[in-house]
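> Residues per chain are reported as follows:
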Amino acid sequence: MPLLEVKNLKTYYYTLSGVVKAVDEVSFSVEKGETLGIAGESGSGKSTVAFSVMVMPPPPGRIVSGEILLDGKNIVKMRESELRRKVRWKKISMVFQGAMNALNPVYTVGYQIAESLTLHGGYTKREAGERVKELLEMVGLDPTIAKRYPHELSGGQKQRVVIAMALALEPPLVIADEPTTALDVVVQAQIMNLLKKLKWEKKISMIFISHDLAVIAEVADKIAIMYGGKIVEYGPADKVYTEPKHPYTRLLLKSIPRLRGPIEKLEYIPGVPPDLRSPPSGCRFHPRCPYRLDPCDKEEPHLIEIEKDHYVACWLYAKR
Amino acid sequence: MMSETSKERILSPDEVLRVENLKVWFPLKRGIGDFLKGIPRRYVRAVDGISFSLKEKETFCLVGESGCGKTTTGKAVMRLVPITDGRIYVKVPKTVAEDLWVLGADILSGNVLDLATVPDRAIKPMRRVIQMVYQDPYASLNPRFTVRQILEEPLMIHGIALSREERIEIIAKILETVKLVPPEEFMERYPHQLSGGQRQRVAFARAIIVNPKITVADEPVSMLDVSIRAEILELMEELKERFGVTYIFITHDLAVARYICDRIAVMYLGKFVEVADARRLIEKPFHPYTKALIAAIPEPDPENRKHYRNLRIRGEVPSAVNIPPGCRFHPRCIDFEERRNELSEHCTVKEPPMLEIEKDHYVSCWLYAKR
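In order, the protein sequences belong to chains H and S. Here my numbering is used: the first residue of the first sequence is 1, the next is one more, and so on. Here my numbering is used: the first residue of the second sequence is 321, the next is one more, and so on.
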């Protein structure tokens, strides 16, 4: 049984100007010790997936339907109090986008890490203090940092604090939502090394979300490519990177500037991501797709398994 | 006679800009305590003595981590920050030179002037020569202006087109150049009605519309999704071909720099550590810092998840107030640490000189200097 299984998840935002179908029929699973990378442009719904898995879609969002099975239990149906007590931070925790804004400026970082321990983990204050030191060391920080305020730390240090917070109660699943986006390349590489270490030594499972496929390649064993609120390609990292099937995945990979090899002309995807209040008919990518076929604008393609564990939703591969 | 001619030529015929020993220091506030104890005023040494020159139609890259002074260098070339020391020689078109002269700027021979000494009142005409595109297209465009108003403003300020019809015509042309077609439709849109890529196109149109010689592009793609970055890089190439613009391209990403730049200068704490041809610098870096920057860049290869990245660098960038003595990189340098006995009398004491190690490849590091 996989650690996490998401089935046909739908999360919609009910705004005044219409219903935004940010996540529409998304399914995936994460095994124990495995890392799933979710990639997509801004507005593709990848952060909404993250918040939905924590069962706290940002308002005015609501999980409309679908199941999120954690160890076989559907957590969508749980009451808020039960989620707080049993699931959040204990079973699933999250490393938020932009560590700068995730920390409270008026408390020391030690206090903030300890808060999750005393609130969710039943630690006493003294025990929590000890644990905070352990955690800071684990993420490669000096334990004396516990007494400092967020503004006294650099961006990289703050990001490490946020990671320490997420690991406080040793949850089996950690969601990292663009954890390195605002950081410099050297610091980004240091943080990625830290995440690898935690993945190997603590055997944690991860959902790693980013718009940059190059960063995802650093940790992900399995990749889900999202476009317009749907997963368009899903499979093992080795397959998705070396033999991408969906035209969107291919273009996305070709748009990344490389450091080695011949300087080929970079591709880009013309046009703009779809407005999810009224998504395009048929395949949501068809207005920007260079390989558009006959049924693309009429009928929606479903994910089909084209080789073992490698799924793609595209009419190019569907038997019609 | 000979000395006369060499004096006349401050810039060689294909040079458009030369920066010599540029320094931009920002003073820190002094508290009463500092004052009483006689502690001298301290400075943030954002740019601390850099020199480079730009050839016509060249793209010159400044690469480095945040806080290394790359943006400040760009702003200094725009005269947006006060210049502490150094010279910035720029070649200006004749008409602009005349305007500048009237306003009291010293015009040197060959229509060259030292931007560092141009009086503030004479900066405005300089904007026709050097323009800037900013990082964040969501913040750099006025949200209350339509695209037409955004592009009309520089034309009115510089008196380029006097009648409304003329201006509309120029705006339509520039919108077509940056591929916002049909122009009539885009003219009446507000920035919030555009995508990130389209906004950055408007930002480039606004810079190019006054037909500048040099454009400073400060991280123009880092706020955009990876999937549309190439679109803006391609636009920059097209504008270069068409208008003969010379770019100063500021970025933290060496992989992007490799695609767009002719030469790269790697900056660390206000100084250049390595300057070379873009491809050569990435293929054969010398300076330990350049090596670390290259090693840190992620690539879309699933094999990378199976091993740690070997980063030969420690810690993070120190503050530009307390710059380490000697080579400013030494506290983070693994090479220094491993060969401490041999190197310590140099690296911690004296700044390494900038040496030409191979043809047009300059490195400032004690590993390669005569000790």
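In case anyone wonders, no lab produced these hints; they're calculated from the structure. Where a beta carbon is used, it is the ideal one built from N, C-alpha and C, also for glycine. Incorrect hints may have been included.
Said to hold, decoys possible - Pairs of lysine-lysine residues, derived as BS3-like cross-links and limited to a Cα-Cα distance of at most 30 Å, are as follows:
| hint | chain 1 | residue 1 | chain 2 | residue 2 |
| --- | --- | --- | --- | --- |
| 1 | S | Lys349 | H | Lys254 |
| 2 | S | Lys611 | H | Lys254 |
| 3 | H | Lys90 | S | Lys626 |
Unchecked claim - Here are a few chain S residues that sit away from chain H, every Cβ distance over 10 Å (derived from the structure):
| hint | residue |
| --- | --- |
| 4 | Tyr409 |
| 5 | Pro413 |
| 6 | Ser460 |
| 7 | Leu482 |
| 8 | Glu489 |
| 9 | Leu553 |
| 10 | Gly564 |
| 11 | Pro618 |
| 12 | Arg659 |
| 13 | Ser664 |
> Are the hints correct? Go through all of them and say.
Hints and how they fare:
no., hint, verdict
1, Lys349(S) x Lys254(H), "violated, 49 Å"
2, Lys611(S) x Lys254(H), "holds, 25 Å"
3, Lys90(H) x Lys626(S), "holds, 28 Å"
4, Tyr409, "holds, 32 Å"
5, Pro413, "holds, 33 Å"
6, Ser460, "holds, 18 Å"
7, Leu482, "holds, 36 Å"
8, Glu489, "holds, 27 Å"
9, Leu553, "violated, 7 Å"
10, Gly564, "holds, 22 Å"
11, Pro618, "violated, 4 Å"
12, Arg659, "holds, 22 Å"
13, Ser664, "holds, 24 Å"
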